[in-house]
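S.K.: Numbering of the sequence shown is given in our numbering, commencing with residue 8 and proceeding in unit increments.
For the record, the hints were derived by calculation from the structure and aren't laboratory data.
Cβ atoms here follow ideal geometry from the backbone N, Cα and C, with glycine treated the same way.
There's no promise every hint is true.
[Stated by the list, open to error] Lysine-lysine pairs mimicking PhoX-like chemistry, simulated, CA-CA at most 25 Å apart:
(1) K36 - K202
(2) K144 - K202
(3) K41 - K202
(4) K203 - K37
(5) K79 - K144
(6) K79 - K108
(7) K202 - K220
(8) K41 - K108
[What the hints assert, rightly or not] Quick list of the computed label-pair ranges, beta carbon to beta carbon:
(9) K144 - S122: 42 to 48 Å
(10) N194 - L218: 27 to 33 Å
(11) R104 - P219: 38 to 44 Å
(12) T192 - K108: 38 to 44 Å
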Amino acid sequence: MFVNRLLLPGDIVFDVGAHHGLYVLEASKKTGSKGAVFAFEPSPREFLRLRWHVLINRCSNVHTEPFALSSKDGTVELFVCLNEHTGMNSLRAPPGRPTSKVMVRAVALDGYVESNEIRLIDFMKIDVEGAELDVLKGSTNILGSELPPIIMCEVQDVRTREWGYHASDIRDLLEIYGYRAFSVTENGRLQVCPKKNVYEENLVFVPEARLPKVATLIEASHW
């Protein structure tokens, strides 16, 4: 797994859309007592399961937050799926899925980082069913910092369509801040991702300042 290869002891990790904590538990083990994992999950049902998984695995370096990240602070409507598709909970109604609606708190990531005096983020995973662009718009201070994080982000037109934008807009925004886009290979390595009209994958975005950290993970023929 790419994340397992990337993370080092002492890293600071943000998991935006943590769901039940698959990545959270892995990141907790890799970053260790000197690192920290911040997990954001707005669905009350999923948040309880996330908290339970963190507790039973004794992940003392994990901080769980029961709210959504967005472009600005406020209150938003979350559509919680009523069937087995719990990973499709979204701030937009998932087409063809029965849901219940709950009001949840939304926070801009720049403000959260400032208020919690978090100096640095090494890695950020964003999987929020189409709200990825909003999360990034609320993170412009972080993206423009001297050492911005490596970002693994869901980039799928099937998700962004309900939000009224193209998945390529995610890449376009990050490239403004000097990020390069990579696809993840089956063996957990990286290869340069060409420009596409339609995206249906998770991409890893690496800022110039972080390229040395991933140099050994990039396929030689794609460097």
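S.K.: Take the hints in turn and mark each one as holding or not.
M.R.: Hint check results:
A hinted pair counts as satisfied when its Cα atoms are at most 25 Å apart, and K36 with K202 does not qualify at roughly 35 Å. For the suggested pair K144 and K202, the alpha carbons sit about 21 Å apart, so the restraint of at most 25 Å is met. Of the supplied pair hints, the one linking K41 and K202 is violated, its CA atoms being roughly 38 Å apart against a limit of 25 Å. Between K203 and K37 the alpha-carbon distance is near 33 Å, which puts this suggested pair outside the 25 Å criterion.
For the given pair, K79 sits about 8 Å from K144 by alpha-carbon distance, which is consistent with the 25 Å threshold. Between the alpha carbons of K79 and K108 the distance comes to roughly 20 Å, so the proposed pair stays at or under 25 Å and holds. Straight-line distance between C-alpha atoms of K202 and K220 comes to about 23 Å, which keeps the hinted pair within the 25 Å bound. At roughly 38 Å between alpha-carbon atoms, K41 and K108 are farther apart than 25 Å, so this suggested pair is violated.
For the hinted restraint 42 to 48 Å between K144 and S122, the CB-CB distance of approximately 18 Å leaves it violated. Checked against the given bound of 27 to 33 Å, the beta carbons of N194 and L218, roughly 20 Å apart, lie outside it. Distance hint check: the CB atoms of R104 and P219 are about 43 Å apart, consistent with the given range 38 to 44 Å. Between T192 and K108 the beta carbons are some 39 Å apart, a value that agrees with the proposed interval 38 to 44 Å.
The structure shown violates the earlier hints numbered 1, 3, 4, 8, 9 and 10.
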